[in-house]
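Please construct the entire structure, taking both the sequences and the accompanying hints into account.
Residue numbers (numbering that gives the first Met the number 0), protein chains in the order written: chain A, 0 to 178; chain B, 0 to 326; chain C, 0 to 372.
Note that these hints are calculated values from the structure, not bench results.
Please read all numbers here as calculations on a predicted model, not as lab measurements.
Among the hints, a few may not be true.
According to the in silico footprint, chain A covers these stretches of chain C (three or more CB under 8 Å from chain A) [to be verified]:
#1 183-190
#2 300-307
Quick partial rundown of chain C residues pointing at chain A, CB under 10 Å, derived from the structure [to be verified]:
#3 G47
#4 A61
#5 A221
#6 I231
#7 L320
#8 Y338
#9 E346
We put the CB at the ideal spot given by N, CA and C, even for glycine.
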Amino acid sequence: MTNENVKQALQDLFPAPEPIAEEPVVEAADKNGEEKKTAKKKEEPRENGLVERDHAKHGYDIDVQLDPGELLAAVMIIDKAGFFLESITGVDWIKEDQLEVVYDFSRYDFDTYRIVIRTRTPRSKPKVPTISKIYSGANWHERETHDFFGIKFDGHPHLIPLLLPEDADFHPLLKDFKP
Amino acid sequence: MDLTILNAVVAVVIAIAFAAANAAYLVLAERRGAGRIQRRPGPNVNLFGILQPPLDGIKLMTKQLVIPGGADKALFLVAPILAMAPAITSFVTIPFSDTIVAHSMNIGVLMIFAFASLGSFAILLAGWGSRNKYSVMASVRAVSQHIAYEIPMLITVTTIVMMTGTMNLKELALSQSGGILHWHIIPSLSSPLMPVSFLIFFICSLAETNRAPFDLAEAESELVAGFHTEYGSMGFGLFFMGEYAHIVIGASLITILFLGGWGCPLGLYPGVWWFLLKVYLLIFSFIWIRWTFPRTTVYGLLNLSWKILIPISLFNLLLTAGLLKVF
Amino acid sequence: MSGPVIDIQPGETFTLNVGPQHPATHGVLRVKMEMDGEYIIKAETVLGYIHRMHELMGENRAYPQVLPNLSRLDYLGAMGYTHGHVLAIERAAGIEVPERAEYIRAIMVELNRVASHLFWFGAFVMDLGGFTPLMYAIQDREHILDMLEAVTGSRLTYCYFRFGGLYNDVDDDFVDAARAFIPRMRKSLKKYAALVTGNIIFRKRLEDIGPLSAEMCRKYGATGPVARGSGIDFDVRKNEPYSVYPEFDFDVPVYHQCDSMARYKVRMDEMEQSLRIIEQGLDKLPDGPIMPKKKPKLIKPPKGDYYQAVETARGSFGIRLVSDGTKNAYRFKLRSPTYSNMHLFDEACEGMMIMDALAMMGSLDLVIPEIDR
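This is the structure:
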């Protein structure tokens with residue numbers, strides 16, 4: 000039941016027509032097979048919005064894409080619903096000249112539900128607000144993402160290299176990284 | 000006169016040799032005992048590893064003694080000697096039987112305690128001198144631990160001295176001759192709490208010798224190696240041997256104070272063999288305890304002493320004093 | 000123990016570097032502690048001493064080439080991590096796994112979990128100054144390693160699972176050995192309880208020490224025995240069932256005391272539960288192939304992203320796989336459980352004495368290569 004509430008709250012973040020427009024298409028694609036969806040995705044980057052996914056196929060239930068500005072609002076909803084932070088990571092979409100930050104949230108109780116939140120930021124000046132004020136555990140995850148992708152987390156208390164050497168000025172998981 | 004001086008010198012030399020040999024071979028005994036307890040053989044080359052201690056000694060002596068930069072050189076070098084020398088010197092006054100004693104003193108008990116407290120001084124100097132935060136923390140722990148455990152130990156000894164009226168170790172042992180019922184560990188009318196005293200004294204000697212479960216000063220899992228973190232070669236070797244010399248003294252003191260010294264439990268054939276048997280049984284129990292128990296905490300250790308052992312030993316002192324007046 | 004009233008003047012504290020080489024950290028982890036005597040005022044964990052960038056390796060190698068990497072994450076419970084990996088790729092590429100292979104996987108993972116917990120048990124008691132249990136635990140663990148070695152060919156860093164199945168079938172010797180092992184291990188567990196769990200010093204050092212509230216666990220994303228010791232009933236095997244775990248009847252031990260003792264008890268009980276799973280797995284072990292008949296030659300998961308969580312010995316291990324439809328992963332994120340569990344430590348140890356803090360650190364069951372990845 001909480002899950003439904005969370006879903007509703009997250010959906011409310013977006014202007015009304017968008018998710019409704021998005022959702023049936025993807026649902027239909029899921030039923031018809033994976034090919035169609037991937038073909039569709041190839042053409043243009045995904046619009047912001049909420050998509051429901053098949054847990055058995057993807058391992059998560061809700062996939063939310065939003066602007067960095069809405070991130071904190073979404074995370075607060077998730078925090079209130081009692082989710083825990085599984086991980087934060089980045090993906091370098093070099094062709095689209097964008098960096099994606101991916102947040103995984105899951106639940107401790109048996110109503111397992113995994114929410115993925117992704118937000119995109121331009122590659123030239125990657126900047127995302129920190130969620131370490133809400134989830135203290137995000138501190139290290141964000142530092143790690145900063146190490147690997149060079150994404151600046153705005154307001155992070157201690158954004159220095161965590162896994163890389165302290166004087167590292169490279170970001171190894173960027174697709175144009177040359178060792 | 001010449002003869003007695005010669006006697007005394009020979010006796011002192013023998014006592015020191017005994018202490019050193021014990022310290023060396025107890026290391027082997029400890030390792031064999033630990034091996035037995037942990038289902039592994041332990042050192043076993045050459046007849047139960049009989050050559051292990053001399054070879055260890057040679058190895059330690061041939062190694063370089065590295066003095067850390069910035070360390071207080073004088074203190075750093077004095078500390079290991081201070082750990083070993085008083086321990087060996089204490090043997091001079093310990094009577095192994097009514098004839099085998101290097102030098103019988105009428106303040107033997109006091110002398111042994113005076114030397115034993117020098118041991119904690121060695122740890123303090125070692126920790127302070129080696130310019131290592133872990134060592135300093137260990138030495139601070141060691142000093143507070145020694146202070147806390149010397150008090151109940153001394154109160155317990157005072158009780159016994161009060162009962163026997165002597166501080167001479169030889170006379171203390173002789174006062175218990177004639178079978179197990181005369182030993183101080185057995186409660187009598189005037190001292191009903193003696194088994195408890197024995198337990199207190201035993202625990203205190205564990206703590207005084209820095210043995211597990213009270214080995215907070217070297218707590219290898221949190222303070223790396225405690226006060227001897229920076230010591231290598233024979234500096235470490237001396238600390239190591241000093242620890243075992245202290246153990247022998249602790250066991251000898253317990254034997255003399257509580258277990259009738261060299262007396263047989265049935266009053267037959269008293270002699271040095273009984274003394275050694277009791278000492279080594281006690282040492283074995285020290286080893287056994289070390290490999291069985293985890294380490295206590297600093298506050299657990301201090302609480303045990305100040306809140307439990309000292310009140311009990313004080314009560315025992317007062318009770319015994321009162322009862323001695325009555326009977 | 001109640002914390003001290005900390006009233007520190009500037010210059011009265013000192014910085015203590017616990018690690019990178021320190022007996023209590025079990026590896027190359029460094030914790031910078033601001034100390035007031037024996038009390039910790041502030042701690043900051045410094046990671047990355049054995050960072051090997053497995054995630055990049057996962058991106059620039061073909062999927063099967065990454066297989067051996069996963070067991071290098073956690074050298075004590077490697078099987079669970081490789082399980083997560085193959086499950087993630089199978090989920091993405093849609094590969095069916097024969098039932099026999101799934102059962103053998105579960106048995107192997109649980110055996111490895113017992114081995115991992117056994118080693119933790121020994122190392123944990125050694126952290127507290129008791130050396131002997133380590134020797135006992137290692138001896139029991141040796142039986143497991145021998146069994147696993149006979150089948151998988153390696154003792155610690157297994158590369159036994161393949162996409163769709165296994166590298167090698169188990170033989171009767173293994174089944175007999177595993178059956179013989181279970182009662183022996185049960186006997187050992189009783190012995191450990193008698194030797195260690197009831198020990199008064201041991202209990203005094205753990206009870207009410209290192210409290211981690213359930214809320215704190217949630218904020219940091221702690222999973223596994225750390226979360227279960229704080230009263231959170233969370234086990235991926237039950238909550239998000241994968242492989243053949245729904246077929247097994249086992250309990251998830253949960254303790255509500257939130258202290259180091261609770262975490263200790265959770266792990267000790269988990270060994271018993273793992274034995275139950277192994278027992279049932281051996282009973283139910285079906286005949287059949289260990290590799291699927293139809294399997295793509297080249298593994299190219301369709302475009303999209305996939306998440307797979309498994310319960311390893313240390314907690315919930317997740318793989319986030321972003322595929323672009325080629326033979327290499329586009330993004331290969333490893334969510335290691337100890338990473339989140341260790342993150343707790345900085346906050347939790349404030350105001351504790353160093354020996355209690357290190358006892359708590361031991362109760363988190365750290366494996367550093369797995370944190371640093």
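Evaluated hints:
Counting residues of the segment 183-190 of chain C whose beta carbon lies closer than 8 Å to any beta carbon of chain A gives 0, which falls short of the minimum of three for the stated coverage. Interface restraint, the segment 300-307 of chain C with chain A: holds (7 residues with C-beta to C-beta distance below 8 Å; minimum three). The interface hint given for G47/C holds, since its Cβ lies 4 Å from the closest Cβ of chain A, which is under the 10 Å cut-off. Proximity of A61/C to chain A is violated relative to the hint, the smallest CB-CB distance being about 17 Å (cut-off 10 Å).
At its closest, the beta carbon of A221/C sits 8 Å from a beta carbon of chain A; the interface hint therefore holds under the 10 Å criterion. At its closest, the beta carbon of I231/C sits 5 Å from a beta carbon of chain A; the interface hint therefore holds under the 10 Å criterion. With 10 Å as the threshold, the beta carbon of L320/C comes within range of chain A, its nearest partner Cβ sitting at about 9 Å, so the hint holds. Proximity of Y338/C to chain A holds as hinted, the smallest CB-CB distance being about 7 Å (cut-off 10 Å).
At about 7 Å, the closest approach between the beta carbon of E346/C and any beta carbon in chain A falls short of 10 Å, and the interface hint on this residue holds.
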